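A.B. asks: Here the protein sequences line up with chains A and B, keeping their order. Using the numbering used here, the letters of the first sequence correspond one by one to residues 1 to 138. Using the numbering used here, the letters of the second sequence correspond one by one to residues 1 to 136.
Hints were generated in silico from the structure; no laboratory data involved. Keep in mind the model is a prediction, meaning the values are calculated, not measured. Fair warning: there could be bad hints in the mix.
[As the list claims (entries may be wrong)] Reference listing, derived: stretches of chain B covered by chain A, where coverage requires no fewer than 3 residues with Cβ under 8 Å from a Cβ of chain A:
1. 3-12
2. 30-41
3. 49-60
4. 66-72
5. 123-135
Positions of the beta carbon are idealized from the N, C-alpha and C atoms, including for glycine.
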Amino acid sequence: MNLYADLTQLEVIREFVAQTIHELDLDEQMIPDLQLAVEEICANTLRHGYNGRSGKLEITIQSITDGVQVTVRDWGNTFDPDAVPLPDVDAPLEQRPLGGLGLFLVKQLMDEVTFEFDGAKGDSVKMIKRVRSRGAGS
Amino acid sequence: MNVTVSQAHGAVPVTILHTHGKLDASNYQALITAAEEIICLGVQDILLDLEDTPSISSSGLVALQTIAALLQGQEPLDLVARLTAFRAIEQDREMWVHPHFKLLNTQPRVDQTLEMVGFNRYLEIYTDLEAAVASF
Numbered sequence: 001m002n003l004y005a006d007l008t009q010l011e012v013i014r015e016f017v018a019q020t021i022h023e024l025d026l027d028e029q030m031i032p033d034l035q036l037a038v039e040e041i042c043a044n045t046l047r048h049g050y051n052g053r054s055g056k057l058e059i060t061i062q063s064i065t066d067g068v069q070v071t072v073r074d075w076g077n078t079f080d081p082d083a084v085p086l087p088d089v090d091a092p093l094e095q096r097p098l099g100g101l102g103l104f105l106v107k108q109l110m111d112e113v114t115f116e117f118d119g120a121k122g123d124s125v126k127m128i129k130r131v132r133s134r135g136a137g138s
Numbered sequence: 001m002n003v004t005v006s007q008a009h010g011a012v013p014v015t016i017l018h019t020h021g022k023l024d025a026s027n028y029q030a031l032i033t034a035a036e037e038i039i040c041l042g043v044q045d046i047l048l049d050l051e052d053t054p055s056i057s058s059s060g061l062v063a064l065q066t067i068a069a070l071l072q073g074q075e076p077l078d079l080v081a082r083l084t085a086f087r088a089i090e091q092d093r094e095m096w097v098h099p100h101f102k103l104l105n106t107q108p109r110v111d112q113t114l115e116m117v118g119f120n121r122y123l124e125i126y127t128d129l130e131a132a133v134a135s136f
């Protein structure tokens, strides 16, 4: 999926994720986690990579041996994931800084999250969600 | 997502904000604005009804955190009470819950997200409107 997106198109992106998982005949129980993870990455890119303006996004979803791989590519400002501090999820709300939970949620929801930076091809976030075999522990 | 407002009366008047639709980066500001507007009118206790909100993103969490902070800012200027509260927090973080901002009828996906980020320990969640209103 290629689109010139802004934040108002998050629902379109969520629909794309659900439809593609269905078309690939993958476990539909993964859909909500994938939707939220992709939404977080796209929203983060539009806010910071494109400074709140619309920008080009390329979203690829493919079946892999043990699950699904989703790649979100953009051509905005490069995002440094190491600059995002880990949130203290035990701290009382009023003692926490606002925000900073998006990437944390993505890492909680996905089994692998990797970032690649390439000025020519665009920066990308690759996420892998593995299918749990029946009876396996979480 | 849109926000509607209703009123209930327990020991104190409680304003209920009902969200309709997914709470995400495109609309979380509308929830903050709705809360700011009623807080400006003097509302001190808010119950957020999330029955019609199937999911919440990190932006939605920012809205919840903002409303919680706005309502804490409305605490009476009782320094002793505030210091006591903070000491209590330090002594036992698990015991402290927000006294003026609570949640109603959260959906499973929302529960999961709240749990992942630890918001469920500081925001009480009710499944019964009367009990929720009576808790303020």
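A.B. asks: Each hint should be assessed against the structure and marked as holding or not.
C.D. replies: Status of the hints after comparison with the structure:
no., hint, verdict
1, 3-12, "violated (count 0)"
2, 30-41, "violated (count 0)"
3, 49-60, "holds (count 4)"
4, 66-72, "holds (count 4)"
5, 123-135, "violated (count 1)"
Consistency note: the structure conflicts with the earlier hints numbered 1, 2, 5.
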